[in-house]
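For the sequence shown, the numbering used here gives the first residue as 27, with consecutive numbering after it.
Hints are computed from structural coordinates only; laboratory data are not their basis.
Hints are supplied without guarantee of correctness; some may be wrong.
Derived DEER-like restraints, expressed as beta-carbon distance ranges [to be verified]:
1. 92 / 236: 32 to 42 angstroms
2. 94 / 143: 37 to 47 angstroms
3. 92 / 285: 15 to 25 angstroms
4. 57 / 189: 39 to 49 angstroms
5. 277 / 140: 12 to 22 angstroms
6. 158 / 70: 24 to 34 angstroms
7. 218 / 242: 24 to 34 angstroms
8. 259 / 218: 41 to 51 angstroms
9. 259 / 70: 40 to 50 angstroms
With a cut-off of at most 30 angstroms between alpha-carbon atoms, the simulated DSS-like pairs for lysine-lysine come out as follows [what the hints assert, rightly or not]:
10. 85 / 149
11. 236 / 149
12. 201 / 236
13. 85 / 62
14. 220 / 201
15. 149 / 64
Where a beta carbon is used, it is the ideal one built from N, C-alpha and C, also for glycine.
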Amino acid sequence: MKRFCFIFLPLLLLCVSLRSPALAAGETAAERGLEKIKTARNWDCIVLPREESYLEDWKTLYTRQAWYAPSLFVETMPEIGSGIPPQPSVFEGTEVTVVAEENGMSCILYSTPDYRRYTGWIKSIRLLDEFPGEEVTLGAAPDSCEPVPDVENAWSYGYLPGTEQPYTVLAEPVKDCVGFTLEYQLIAENTANKNLVWGPRSVWVSDGEKWSNAGVFDYPQNGVVRVQIWLPEMMDVSAVATVAHCDMPNLFDFRQLAQDFFTAGS
Numbered sequence: 027m028k029r030f031c032f033i034f035l036p037l038l039l040l041c042v043s044l045r046s047p048a049l050a051a052g053e054t055a056a057e058r059g060l061e062k063i064k065t066a067r068n069w070d071c072i073v074l075p076r077e078e079s080y081l082e083d084w085k086t087l088y089t090r091q092a093w094y095a096p097s098l099f100v101e102t103m104p105e106i107g108s109g110i111p112p113q114p115s116v117f118e119g120t121e122v123t124v125v126a127e128e129n130g131m132s133c134i135l136y137s138t139p140d141y142r143r144y145t146g147w148i149k150s151i152r153l154l155d156e157f158p159g160e161e162v163t164l165g166a167a168p169d170s171c172e173p174v175p176d177v178e179n180a181w182s183y184g185y186l187p188g189t190e191q192p193y194t195v196l197a198e199p200v201k202d203c204v205g206f207t208l209e210y211q212l213i214a215e216n217t218a219n220k221n222l223v224w225g226p227r228s229v230w231v232s233d234g235e236k237w238s239n240a241g242v243f244d245y246p247q248n249g250v251v252r253v254q255i256w257l258p259e260m261m262d263v264s265a266v267a268t269v270a271h272c273d274m275p276n277l278f279d280f281r282q283l284a285q286d287f288f289t290a291g292s
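Input sequences plus hints: build the corresponding full structure.
Spelled out as structure tokens, the structure:
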């Protein structure tokens, strides 16, 4: 990506200079949209929307399934086949924020499997109103609970004990947690025999000292799945892991996201 930014810097600077919003007094849709775009690590490596393309109300949508891959291309400018190298791909079922629409394309903010925020352009017809994957519930919801703001995820530096798989670490523990949502997807089999990597997945949570089993969900084929997890008992949660129960549990690549946490209600 750094090399691309260097090679195409003159071109992109020209495009941006011709199309950047002229910020006026007060907070316009263009100002708010540009401010949001600037939260992405690559915001200065894309062609920005025209001022009139920014939306007054942003949209929360989901990426549809690709025909031949677990992810979709994200373009650098609102045009397909421009010849400019694309931005990092966005995976099926990823929640995206649309801040602008132009030329049948949407300027989106999205996260990659390494939990980094990017921006870019994707054809609007490749976005859906509803989550496209399977949805599963583990455990029973408590009588009352309260949502808490989303917590940043990061990959662990080491492996889950007893496995060779990394796990997700939360930026700060969620105190008195009773449930959360886990988004999971196998993104590269690394084998021609997919049966070696398909199979049930167990979910484990850590309070910072010990790991506890939070249940098992089926994963019989490729695709994104959203698992609503209600914990057996209230606990602090500082990390989340999945363990694959298959023939080759350490062969494949996967992504996961822990979000929508709940704490015990008053």
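Each hint, compared with the structure:
no., hint, result
1, 92 / 236: 32 to 42 angstroms, "holds (39 angstroms)"
2, 94 / 143: 37 to 47 angstroms, "violated (26 angstroms)"
3, 92 / 285: 15 to 25 angstroms, "holds (23 angstroms)"
4, 57 / 189: 39 to 49 angstroms, "holds (47 angstroms)"
5, 277 / 140: 12 to 22 angstroms, "holds (20 angstroms)"
6, 158 / 70: 24 to 34 angstroms, "holds (31 angstroms)"
7, 218 / 242: 24 to 34 angstroms, "holds (27 angstroms)"
8, 259 / 218: 41 to 51 angstroms, "holds (43 angstroms)"
9, 259 / 70: 40 to 50 angstroms, "holds (47 angstroms)"
10, 85 / 149, "holds (14 angstroms)"
11, 236 / 149, "violated (45 angstroms)"
12, 201 / 236, "holds (15 angstroms)"
13, 85 / 62, "holds (13 angstroms)"
14, 220 / 201, "violated (38 angstroms)"
15, 149 / 64, "holds (21 angstroms)"
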